[in-house]
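Below, each chain spelled out in residue letters.
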Amino acid sequence: MKILVCISNVPDTTSKINFTDGDTKFDTNGVQFVINPNDEFGLTRAMWFKEKQGATVHVVSVGGPTIDPTIRKALAIGADEAIRINAEPTDGFFVAQQLAEVVKNGDYNLVIAGRESIDYNGGMVPGILAALLDMNFVNTCISLEIDGENATAQREIDGGKETLSTSLPLVIGGQKGLVQESDLKIPNMRGIMMARQKKLTVVEPVDALNATQETKFEKPAAKGAVKLVDASNVDELISLLHNEAKVI
Amino acid sequence: MKPDLFEAPDYYNLDDLLSEEHILVRDAARQWVKREVSPIIEEYAQKAEFPKQILSGLAEIGAFGPYIPMEYGGAGLDQISYGLIMQEIERGDSGVRSTASVQSSLVMYPIFTYGNEEQRKKYLPKLASGELIGCFGLTEPNHGSNPNGMETKFKDMGDHYLLNGAKLWISNSPFADIAVVWAKNEEGRIHGLIVERGMKGFSTPTTHNKWSLRASATGELIFENVKVPKENLLPNKSGLGAPLGCLDSARYGIAWGAIGAAMDCYNTALRYAKERIQFGKPIAATQLQQKKLAEMITEITKAQLLAFRLGQLKNEGNATTAQISMAKRNNVDMALKIAREARQVLGAMGISGEYSIMRHMMNLESVITYEGTHDIHLLITGADITGLPAFK
Chain S
1 MKILVCISNV
11 PDTTSKINFT
21 DGDTKFDTNG
31 VQFVINPNDE
41 FGLTRAMWFK
51 EKQGATVHVV
61 SVGGPTIDPT
71 IRKALAIGAD
81 EAIRINAEPT
91 DGFFVAQQLA
101 EVVKNGDYNL
111 VIAGRESIDY
121 NGGMVPGILA
131 ALLDMNFVNT
141 CISLEIDGEN
151 ATAQREIDGG
161 KETLSTSLPL
171 VIGGQKGLVQ
181 ESDLKIPNMR
191 GIMMARQKKL
201 TVVEPVDALN
211 ATQETKFEKP
221 AAKGAVKLVD
231 ASNVDELISL
241 LHNEAKVI
Chain R
1 MKPDLFEAPD
11 YYNLDDLLSE
21 EHILVRDAAR
31 QWVKREVSPI
41 IEEYAQKAEF
51 PKQILSGLAE
61 IGAFGPYIPM
71 EYGGAGLDQI
81 SYGLIMQEIE
91 RGDSGVRSTA
101 SVQSSLVMYP
111 IFTYGNEEQR
121 KKYLPKLASG
131 ELIGCFGLTE
141 PNHGSNPNGM
151 ETKFKDMGDH
161 YLLNGAKLWI
171 SNSPFADIAV
181 VWAKNEEGRI
191 HGLIVERGMK
201 GFSTPTTHNK
211 WSLRASATGE
221 LIFENVKVPK
231 ENLLPNKSGL
241 GAPLGCLDSA
251 RYGIAWGAIG
261 AAMDCYNTAL
271 RYAKERIQFG
281 KPIAATQLQQ
291 KKLAEMITEI
301 TKAQLLAFRL
311 GQLKNEGNAT
321 TAQISMAKRN
331 NVDMALKIAR
341 EARQVLGAMG
351 ISGEYSIMRH
361 MMNLESVITY
371 EGTHDIHLLI
381 TGADITGLPA
391 FK
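For the record, the sequence lines run as chains S and R. Residues 1 to 248 (full-length UniProt numbering) are what the first sequence spells out, left to right. Residues 1 to 392 (full-length UniProt numbering) are what the second sequence spells out, left to right.
One should not assume that every hint holds.
Said to hold, decoys possible - The calculated BS3-like cross-link candidates involving lysine-lysine, where the alpha carbons are at most 27 Å apart (straight line), are:
hint : chain 1 : residue 1 : chain 2 : residue 2
1    : S       : LYS185    : R       : LYS230
2    : S       : LYS52     : R       : LYS126
3    : R       : LYS281    : S       : LYS223
4    : S       : LYS16     : R       : LYS34
5    : R       : LYS281    : S       : LYS227
6    : R       : LYS274    : S       : LYS16
7    : R       : LYS274    : S       : LYS223
8    : S       : LYS50     : R       : LYS281
9    : R       : LYS34     : S       : LYS176
10   : S       : LYS16     : R       : LYS281
Said to hold, decoys possible - To spell it out: a stretch of chain S is covered by chain R in this simulated footprint if at least three of its residues, at any positions, have a beta carbon under 8 Å from a beta carbon of chain R; those stretches are:
hint : segment
11   : 183–190
12   : 226–239
Worth flagging that the hints you see were computed from the coordinates, not collected in a lab. Note that this is a predicted model, so its numbers are computed, not measured. Virtual Cβ for every residue (Gly too), placed ideally from N, Cα, C.
This is chain S alone, in the form it adopts within the complex (with noise of 0.2 Å):
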């Protein structure tokens, strides 16, 4: 089984959001960037196959060289090579238009990708990638097990799960699930120095279209200050919901 794990290089969760340029663009100064948590579950999952059943894991990102750090530490976790699309991931389209471009010359029969990134929170890359490729699609994907070319895949939907079974090869949006985060693995510094050695290919992007334009960020707006009412003035409580906060 030959997998590509698809990972985006995100802001740290902790980081504070700011924009420039009249709030068209975001502002990178200061900001951590992590892998991508919901790819970094699928990464994981990933590992998995490859110490249970002998899988083959590459993974790719699109970005310039500031995101090489992001793609050392999936080396370092164990992926066996990975490949950089070196251009700037303008948009879901446009990213999945790139990453079918690696899955058709890789000859991979199971792609993992993040269900949405957290970041922009498009969730596009991994359904738009399926259908250029016209591979089978498990969104949402809580479980997945694979056995010859059959995969068995669980999905999370609206109050429980849905259990499908399906055949390679086959595109995932995976979550948190595939393994938990007790599971994450956190590189050794063995992995470390071999990540060093291993193969990171950059690949020049292919001609591809964005299918939309950021034109301005807002930041929502910030939090009021809170008024404490006394438990027995239900009265004003009332009064300032109705009249202030207008939401009775």
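Given the structure of chain S, go ahead and fit chain R onto it with the hints provided.
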């Protein structure tokens, strides 16, 4: 214990001096400490017990012998990486860092540097994987700062050595599988011997009632006519310089480790000072608290620069014993002072086990004493700059 909200200060953008690999190493160790050490360490310190379950984790992330070559089970990392790992582990607890320091610098280092190929192959991979845990016996009841006066001795009995004596204040001794022991031969020359648990006449009583390094196991090493096989003698170096070479490596790690403890105290105090409201404003808005916090970050930054430069010198093989002494002395003293000041910022909460500060403070009282006391390191600098040793 409160959730671990630690955010590392980097006031002088020192990350820019680190390689991509150093940052990956540092962040991996940091993540491991947050996941495995922070949630449990307070409980173990309170009950004065070493959390043995983390030994496999320390081995798994590569904290045992990170600079030992891969062929012997290490990771083959550089000295700055080793320092960063020690910094992150001591950010969690000096006792856990002590366990990793002892295993790496005081057990694996002498076997790698002074041992022969058979000894390296026999012990190093198992020490790296945590299958074997080691300890280091130098200090004796009557000989602390003056190890050259040691009384532990061994006699050549033809087909084996006969070892007699006692060592104390030995980290890891109560559960160690092997001990690298320094003892004098019949001519009074110091040699290193590998003593294995189970050898007749070798016992390791635990030291109880410590108010410091409570989450670390400390004990004695007692040798009563222990028959040590001749192949267990470390052949490639003898004399006091041999154990002192190990101490150079361990002290270097401590110089980095202390920064971790200081960072944790500073970060906790800064967060608390911004949240704690007195007289209608956060205490961080008052001049006296700002003085404390501003001095802390200044001292941490200076210590980081000292450790980083020392790491470069170590990577080049040019760090002198006296340079290492200066960094160990300065950085541990810095950390202890920060711990005491940070404890005050938290007021009464500072003495509570809900925060890590007082645990660090108590731990650092050991760290400022072991591996060369604060005063002895000053005298090493004094001897180095004047050429006149004051301790002889």
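Hinted pair LYS34(R) and LYS176(S), Cα distance within 27 Å:
holds, 20 Å
Chain R covers the segment 226–239 of chain S, three or more CB atoms within 8 Å, holds or violated:
violated (count 0)
Need the status of pair LYS52(S), LYS126(R): alpha-carbon distance at most 27 Å?
holds, 25 Å
For LYS281(R) and LYS223(S), compute the direct alpha-carbon distance and say whether it is at most 27 Å.
holds, 19 Å
Just to be careful, I want the Cα atoms of LYS281(R) and LYS227(S) compared with a cutoff of 27 Å; is the pair within it?
Given that 27 Å is the threshold and the Cα spacing comes to 18 Å, the pair holds.
Between LYS16(S) and LYS281(R), is the straight-line Cα distance small enough, at 27 Å or below?
holds, 24 Å
Hinted pair LYS16(S) and LYS34(R), Cα distance within 27 Å:
At roughly 21 Å apart (the allowed maximum being 27 Å), LYS34(R) and LYS16(S) satisfy the hint.
Does the structure keep LYS185(S) and LYS230(R) at a Cα separation of 27 Å or less?
violated, 43 Å
Given the hinted pair LYS274(R) and LYS223(S), is their Cα-Cα distance within 27 Å?
holds, 19 Å
State whether the coverage of the segment 183–190 of chain S by chain R holds or is violated, taking the criterion as 3 or more residues with Cβ-Cβ distances under 8 Å.
holds (count 5)
Holds or violated: LYS274(R) with LYS16(S), Cα cutoff 27 Å?
The given pair, whose Cα atoms are some 17 Å apart, holds under the 27 Å limit.
Quick one, are LYS50(S) and LYS281(R) close enough, alpha carbons at most 27 Å?
violated, 56 Å
Consistency note: the structure conflicts with the earlier hints numbered 1, 8 and 12.
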